[in-house]
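Enquirer: So you can see what is in the structure, the chains are spelled out below.
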Amino acid sequence: MELVQIQRRLVDYTKSLFMEGFLDAQFLQLQQLQDDSNPDFVFEVVSLFFEDSEKLLNELTIALDQPNVDFKKLDSHVHQLKGSSSSIGAQRVKNACIAFRNYCDVQNIEGCLTCLQQVKQECYLVKNKFETLFRLEQQIMASGGSVPTIELGF
Amino acid sequence: MAPTLPSGDQASDQDNWDNGRLARKRQLLTEIVLRNRLTALVVDGDTTCRVLEQLLLRSYGVQTQGVDNGRDAVALIASGVKFNLIIIDMILPVLNGLEIRDMGVHCKMLGVTACSGESERQAFLAAGVDVFIEKPLDPEHLVPILRELDGQ
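As you go down the protein sequences, you meet chains A and B in turn. According to full-length UniProt numbering, the residues represented by the first sequence are 1 to 154, in order. According to full-length UniProt numbering, the residues represented by the second sequence are 1 to 152, in order.
Worth flagging that the hints you see were computed from the coordinates, not collected in a lab. Glycine is no exception: its CB is placed at the ideal position from the N, C-alpha and C atoms. One should not assume that every hint holds.
[Unchecked claim] Sample of chain B residues at the chain A side, in silico, Cβ under 8 Å:
1. D46
2. T47
3. T48
4. V51
5. L52
6. L55
7. L56
8. S59
9. A114
10. C115
11. K135
12. P136
13. D138
All chains, please: the whole structure from these sequences, using the hints.
Expert: Here's what the structure looks like:
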């Protein structure tokens, strides 16, 4: 595939992620922070997020598995996940966390369990999306091109 | 098969992407030029958030340090390091803004939080921060504060 075609594909793919709500404007902010002095910033911070979120999801699973669920602890983990997901622009993960926190507030275990599944699912989905994104970027750079960035007014 | 030559369209598309990227970068990031040397401390237990908050501050030329817990923040401040701005995550298990205030720290403190409720807002303001915002930390909220600290 020619360079221009891959670049177009990347632009279209990224736009689709915004349209489908996987990413929000904060992701554009991340891209803005990437420059020659931080050439892999987006990849690094997204990787950090998935490392951390995996630990948090494990903690959440364990916390919900206890005979006496500590809702305060549960809430604090979800709170952290909400913060970090919003920081990378992972909108659907963030929204799933908001729903999760509502069930923590009313101490609804069934609701929490459902939400945990939802959050896990959203993390899994967006992780795959990012992997595709980074793969396309690598293809472009390997062909000697530069990675196109998305216009805000689409 | 004859080799294909790069078409005129290809070259201009590439130029457009490069130029567009540079223009957007200038437009979005260079919203402020600091006249003074500002220093900041980021106190956030979440690595993803802390890394981002630090880089955002650095991109504006603010000399930034980061710690992931309140104890280290206290130690740093106790050692005499001065900061113009402290960005503090409002769910640290060890510390809240009041403890830092109690150490005689008078600089601007900005609380960042994943919470958004009104009761939380009141609690945070009572905990010693000057202002708090919902994560993620973004230029829209940060730039006015930097401007103020820089005396602009």
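Enquirer: Now, for every hint given, state plainly whether the structure supports it.
Expert: Each hint tested on the structure:
1. Hint status for B:D46 relative to chain A: holds, with the closest Cβ pair at about 5 Å, below 8 Å.
2. Because the smallest distance between the Cβ of B:T47 and any Cβ of chain A comes to about 6 Å, under 8 Å, the interface hint for this residue holds.
3. Because the closest C-beta pair between B:T48 and chain A is about 4 Å apart, less than 8 Å, the hint holds.
4. Hint status for B:V51 relative to chain A: holds, with the closest Cβ pair at about 6 Å, below 8 Å.
5. Taking 8 Å as the C-beta cut-off, the interface hint given for B:L52 holds, the closest approach to chain A being about 5 Å.
6. Interface restraint check for B:L55: the shortest CB-CB distance to chain A comes to about 5 Å, inside 8 Å, so the restraint holds.
7. Of the supplied interface hints, the one on B:L56 holds, with its beta-carbon coming within about 7 Å of a beta-carbon of chain A, less than 8 Å.
8. The criterion of a C-beta within 8 Å of any C-beta in chain A is met by B:S59, whose closest approach is roughly 6 Å, and the hint holds.
9. Proximity of B:A114 to chain A holds as hinted, the smallest CB-CB distance being about 3 Å (cut-off 8 Å).
10. Interface hint at B:C115: satisfied, since its Cβ lies 7 Å from the closest Cβ of chain A, which is below the 8 Å cut-off.
11. Hint status for B:K135 relative to chain A: holds, with the closest Cβ pair at about 4 Å, below 8 Å.
12. Evaluation of the B:P136 hint against chain A yields a held restraint, the C-beta minimum of about 4 Å falling below 8 Å.
13. The criterion of a C-beta within 8 Å of any C-beta in chain A is met by B:D138, whose closest approach is roughly 6 Å, and the hint holds.
Violated hints for the displayed structure: none, as all numbered hints are satisfied.
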